[in-house]
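Using the sequences plus the hints, can you model the full thing?
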Amino acid sequence: MTAEGALFPVSQTFDTTGMLGTMSASISWGDGTQTAGQITTQPPAQKLSVKFDYSFDTGGFFSSPARRALLSTAVDAVLVQLTDDLAEIRPSGTNTWTATTLHPSTNAPISIPNLQVNANELIVYVGSQNFNSSQIGLGGPGGFQGAGSQAWLNTLGSRGQAGALASSPTDFGPWGGVMSFSSTANWYFGTDPSAIGSGQFDFLSIASHEFMHVLGFGTSGSWNNLVSGNQFTGANARAAYDPGGNPLLSTDRGHWAPGTTDGGGGAIMTPALRAGVRDNVTPLDMAALDDIGWQRGTTSVVVTGNHVYGDNRSYPVAVALTGSRLGQQNRQMTATITNAAPVMTLVGEQRVIAGQRLQITNVASISDAGFNVPTASPPTTETFAYTLSWGDGSPAVQGDLTIDRVGQSGLPTLASFDRGHTFTTPGTYTASVTVSDDDGGSASGTFRVVVEAATQLSASIDRASIAENAGNNAAILTVSRPQSVAAAALTVTLLSSDISEATVPASVVLAAGQTTAQVAITAVDDNLLDGSQFLTITASAPGIASATVPLTVTDFETLTATFSTDSIREDAGPAATTLTIARSNTDTSLPLAVTVSGNDPARIDLPNLITIPAGAQQVVVPVVPIDDTIAQPPLLLQYQFTAAGYQAAAGAITVLGDESQSFQNPEDQFDVDGNQQIEPLDALRVLIFIGRNGSGTLTSQSPTDGLFVDVNGDGDATPLDALLVLIEISRRQRAIAPPPLI
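Here this note's numbering runs 1 ahead of the position in the sequence shown, where the first position is 1.
Treat the hints as calculated values from the structure; they're not laboratory data. Take the hints with a grain of salt, since some may be wrong.
[Claimed, not checked] Derived DMTMM-like pairs (lysine to aspartate or glutamate); straight-line CA-CA distance at most 25 Å:
id, residue 1, residue 2
1, Lys48, Glu89
2, Lys48, Asp86
3, Lys52, Asp85
4, Lys52, Asp291
5, Lys52, Glu89
6, Lys52, Asp77
7, Lys52, Asp86
8, Lys48, Asp77
9, Lys52, Glu122
10, Lys48, Asp16
11, Lys48, Glu122
[Unchecked claim] Label-pair restraints from in silico Cβ distances:
id, residue 1, residue 2, range
12, Leu496, Thr305, 52 to 62 Å
13, Pro380, Pro244, 40 to 50 Å
14, Val622, Gln734, 52 to 62 Å
15, Pro506, Ala386, 31 to 41 Å
16, Thr431, Asn363, 13 to 23 Å
17, Thr305, Asn363, 40 to 50 Å
18, Ser134, Ser378, 45 to 55 Å
19, Thr305, Ser378, 21 to 31 Å
20, Val622, Ser461, 43 to 53 Å
21, Ser485, Ala4, 52 to 62 Å
22, Ser378, Val398, 29 to 39 Å
23, Ser195, Asn363, 51 to 61 Å
24, Ala4, Gly245, 37 to 47 Å
25, Thr431, Ala454, 16 to 26 Å
Cβ coordinates follow ideal geometry from the N, Cα and C atoms, glycine included.
Encoded structure:
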């Protein structure tokens, strides 16, 4: 027997008698899987061949190429096993001969003078006829008449098979013969035996039968010498005969007795083959050819294979051997697979402080050779359970192991379990574990737990809360231990209860003699609108009680507001500029209402409340300017955008008027006093205006006294306007100056 997870070997020897072509094998393992079988050695190549002569097929029975191909298959199924060396028949000079046989379509005698037959070749004349009886086939070897040398006559009578020339022949070497088939029978000319109709005769079976007669089965002197009464006394046939002893013959002494079987199937050389079935050439049939002088080659092949079963049970195994041209054999066997117990690895010695929970990862880990077999019927699943006793008098605990790796062929199933326990009293305890699989296999073991009296770590943070966007060094954690336990170095494990909000280093080392150490706490921005979050930082170390300190992480989510342009003309229309308001958080399942302040509804139409839809990170709204008829200088509008739980955003845009400004001369922007002259006085008037009213933006209330002091049209009165006048005066004077003399 083989255990689950181990290789189950298959080795089956098949006799390929009656099969033809390249052999292939498949093995169905009974668990829903199938693989190709390995064949150690293919049968030897065919040595002998038949040349069919259709010249006497006057009825056209073999006009179909498919029938001719099937005839070749039937004959090759016999010849492939024979390894004789047949001499050629090549008449020349005084060495002449005439082959004699029956006409395959009339049964009349025919003669073929000086027929040439190649070495290792047989010539068979084939055709069809109406037998006017229940007979459906005829076959036999040909005869001859010859003249010439004794060696020539010996060749004609034996083709090199010395035993054929003996007074009591022990061998047979024909030149060929004849095969004839019923022209009126209900034939099946296919290759699939399952398609034979109940009233049809399988042509392939009948053709193989008749060809056996051509080879001397029941038709040769060497056959007759082995017939004794109604028994055939050949040694090979006697060894192959299932009931034992000499095989029984039919009344004509040229066939096996009716009903003769071999290996559970019908022998092909009984007097009448059955309709509706295919009978293949059997080892018993071929053993008779061996007895009458034909030499047989190796007919056995070995099919091997290996398979790994994932679970214990009995599986039906089917091995199939198939010939590429003809034949299939099937073998059934049972694979009995036993259970393999899990192999357990236990955790090592544990140390813990009394009253402090001991949490163990992988208390026990197991490796099991079995694995799930979902293709089996019914499917199988590997499961494992444990029983754990802590050894302190508390009740034993039970549970299922977690599958850490699903096994497969060559890869064991891995499983483990975690467990925790609180020991209340210092001491040394022996914990025991038993792990079992679903089929009763188990493994047991123990490990030691040392429980010590409690000594306390302490921990503190320099602030009660941090903002989630504070980044590195958001706060400082201080870890301390009593001086009484500071003699040796101690590695303190640090753990944040919520690493999506704040993280700490995995550990900090207190050197020998050191009682205090500090580490930085890093804030983590989770980009969620989740309000303030409350977590704890825990410091723990072997042999000392742990310490926990609380920390609040406040939310920090922002709004951004962006105008698509820095300025907008009041006549630009509703599609010229947009405002994009975005939120920083990634959880956007709810809509967000954003309040807008700082708007001037007389200059821009912008809602006081803008909503970012649910599921959206941002919203884009049009900025619509108000087009009035009032000449006004550019106006910078500054906005505030606020929403609950978010940092406010700011944005600004300048509104530009489209009316001509009354502060700039429409006829000539440099003519400040409107007297149609550009002169230094214009620049002086600008400076006087600035001296009285100050430099800055002009409004409808500015006391310009009819002066056009905004030379550059930017809505402001500044010294730049006066400078532009002086520059223009200089430019115009150069333009009207006469050209220089040459």
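Hints and how they fare:
1. Straight-line distance between C-alpha atoms of Lys48 and Glu89 comes to about 14 Å, which keeps the hinted pair within the 25 Å bound.
2. Distance hint between Lys48 and Asp86 is fulfilled; the C-alpha atoms sit about 9 Å from each other, no more than 25 Å.
3. Among the hinted pairs, Lys52 with Asp85 is consistent with the structure: their alpha-carbon atoms are about 17 Å apart, no more than 25 Å.
4. Of the supplied pair hints, the one linking Lys52 and Asp291 holds, its CA atoms being roughly 22 Å apart against a limit of 25 Å.
5. Between Lys52 and Glu89, the direct Cα distance comes to roughly 13 Å. Compliance with the 25 Å bound is thereby established for this hinted pair.
6. Of the pairs offered as hints, the one joining Lys52 and Asp77 holds, with about 11 Å between alpha carbons and a cut-off of 25 Å not exceeded.
7. Between the alpha carbons of Lys52 and Asp86 the distance comes to roughly 16 Å, so the proposed pair stays at or under 25 Å and holds.
8. Restraint check for Lys48 and Asp77: the C-alpha separation of about 10 Å stays at or below 25 Å, so the hint holds.
9. A distance of roughly 7 Å separates the Cα atoms of Lys52 and Glu122; the hinted pair therefore holds under the 25 Å criterion.
10. Of the pairs offered as hints, the one joining Lys48 and Asp16 holds, with about 19 Å between alpha carbons and a cut-off of 25 Å not exceeded.
11. For the hint pairing Lys48 with Glu122, the CA-to-CA distance comes to about 9 Å; that is within 25 Å, so the pair holds.
12. Distance hint for Leu496 and Thr305: a CB-CB separation of about 58 Å, consistent with the stated range 52 to 62 Å.
13. Pro380 and Pro244 have their C-beta atoms about 46 Å apart, which keeps the hinted 40 to 50 Å range intact.
14. Between Val622 and Gln734 the C-beta distance comes to about 53 Å, which sits within the given range of 52 to 62 Å.
15. Look at Pro506 against Ala386: about 39 Å separates their beta carbons, and that is inside 31 to 41 Å.
16. Distance hint check for Thr431 and Asn363: the Cβ-Cβ separation is about 19 Å, which falls inside the suggested range of 13 to 23 Å.
17. The given range of 40 to 50 Å is respected by Thr305 and Asn363, whose C-beta atoms sit roughly 41 Å from each other.
18. The beta-carbon spacing between Ser134 and Ser378, approximately 53 Å, falls within the hinted interval of 45 to 55 Å.
19. At about 26 Å, the beta-carbon gap between Thr305 and Ser378 stays in the expected band of 21 to 31 Å.
20. The hinted window of 43 to 53 Å between Val622 and Ser461 holds, with their beta carbons roughly 49 Å apart.
21. Hint check: Ser485 to Ala4, Cβ distance near 57 Å, so the stated range 52 to 62 Å holds.
22. Taking 29 to 39 Å as the suggested C-beta distance range, the pair Ser378 and Val398 conforms, at roughly 36 Å.
23. Distance hint check: the CB atoms of Ser195 and Asn363 are about 57 Å apart, consistent with the given range 51 to 61 Å.
24. At roughly 41 Å, the beta carbons of Ala4 and Gly245 sit within the given window of 37 to 47 Å.
25. Roughly 20 Å separates the CB atoms of Thr431 and Ala454, a value that falls within the hinted 16 to 26 Å.
This entry satisfies every hint, going by the numbered hints stated previously.
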